[in-house]
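Novice: Following the working numbering, the numbering of the sequence shown begins with 15 at its first residue and continues without gaps.
Bear in mind the hints are in silico, worked out from the structure with no lab data behind them.
All values reported here derive from a predicted model rather than from experimental measurement.
Any given hint could be a false lead.
Stated by the list, open to error - In silico lysine to aspartate or glutamate, DMTMM-like type, Cα no more than 20 angstroms apart, as pairs: (1) LYS71 to ASP152; (2) LYS71 to GLU208; (3) LYS71 to GLU17; (4) LYS124 to ASP87; (5) LYS81 to GLU189; (6) LYS124 to ASP140; (7) LYS124 to GLU204; (8) LYS81 to GLU110; (9) LYS185 to ASP140; (10) LYS71 to GLU61; (11) LYS124 to GLU208; (12) LYS124 to ASP205.
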Amino acid sequence: MTELPSEYHRRLPIGQRMSVEPLLGDALFPFEGDVQVAPLAEPVLPEPPRSGEPGGKPCPKCSEPDKLVIWRDAQWQLKAFGPGGLPFVAVLEPQEHYRLDNLPAELTAKLGPMIQRVANAIRRIDAVGRTHFNRWGDGSEHFHLWFLARPAGMMQLRGAMIAVWDDLLPKIPAEEFTANAHLVAAALAEDGGEVVIG
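Construct the entire structure; sequences and hints are all you get.
Specialist: Structure (structure tokens):
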């Protein structure tokens with residue numbers, strides 16, 4: 015075992031399984047019955063580079079700038095991922111390669127209004143009740159926010175497990191995914207930018 019770098023790490027039950035009991039019975043936890051938590055792995059230090067960092071894979075946004083893009087303007091672009099189990103899943107990225115910690119003040123100030131625009135555009139899809147958004151930044155250095163459409167009335171899909179539900183639910187038909195992507199891109203274009211999806 016490597017030497018653990020902090021008191022926090024030294025308190026962790028490395029190699030042991032934690033109890034799933036705190037989650038069982040929670041209305042937002044999508045599993046029941048005999049669920050096991052994987053043993054807690056040792057920390058990987060130094061951490062491996064993310065895509066876009068020196069020594070890592072190329073930045074996917076910078077190496078394939080148009081891949082999956084459905085809408086863009088001079089500063090932002092929206093990529094649609096699917097079809098999946100949710101009505102719509104997308105990523106908002108700045109056009110230029112920035113991390114969260116070096117995002118220029120001008121883009122940072124525009125981020126809130128962009129979140130509202132994307133969330134409101136996604137809510138135009140008939141099946142959508144609310145739009146969840148999150149930042150997970152462990153795969154790619156290029157700053158990106160995830161948007162996940164929660165189906166109307168599906169209260170069990172609220173919260174952090176919505177991304178798991180996207181993998182568990184039956185995939186929506188490809189033509190429905192395409193129609194949803196067109197609807198979202200067109201809604202965004204009403205306030206500027208261009209529809210990219212064909």
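Novice: Does each hint fit the structure? Answer for all of them.
Specialist: Hint by hint, here is what the structure shows:
Straight-line distance between C-alpha atoms of LYS71 and ASP152 comes to about 13 angstroms, which keeps the hinted pair within the 20 angstroms bound. As the CA atoms of LYS71 and GLU208 are separated by approximately 29 angstroms, the hinted pair breaks the 20 angstroms bound. In summary, the hint linking LYS71 to GLU17 is not supported, as the alpha carbons are separated by about 28 angstroms, beyond the 20 angstroms threshold. With a C-alpha separation of about 12 angstroms, the suggested pairing of LYS124 with ASP87 holds against the 20 angstroms cut-off.
Under the criterion of a C-alpha separation no larger than 20 angstroms, the hint pairing LYS81 with GLU189 is consistent with the structure, at around 19 angstroms. Pair hint LYS124 plus ASP140 does not hold up; C-alpha atoms about 27 angstroms apart against a cutoff of 20 angstroms. Proposed proximity of LYS124 and GLU204 is supported: the alpha carbons are some 17 angstroms apart, at most 20 angstroms. A distance of roughly 15 angstroms separates the Cα atoms of LYS81 and GLU110; the hinted pair therefore holds under the 20 angstroms criterion.
For the given pair, LYS185 sits about 17 angstroms from ASP140 by alpha-carbon distance, which is consistent with the 20 angstroms threshold. Of the pairs offered as hints, the one joining LYS71 and GLU61 holds, with about 14 angstroms between alpha carbons and a cut-off of 20 angstroms not exceeded. The hinted pair formed by LYS124 and GLU208 meets the criterion: a straight-line CA distance of about 17 angstroms does not exceed 20 angstroms. Annotation: proposed proximity of LYS124 to ASP205 holds, straight-line Cα distance about 13 angstroms (limit 20 angstroms).
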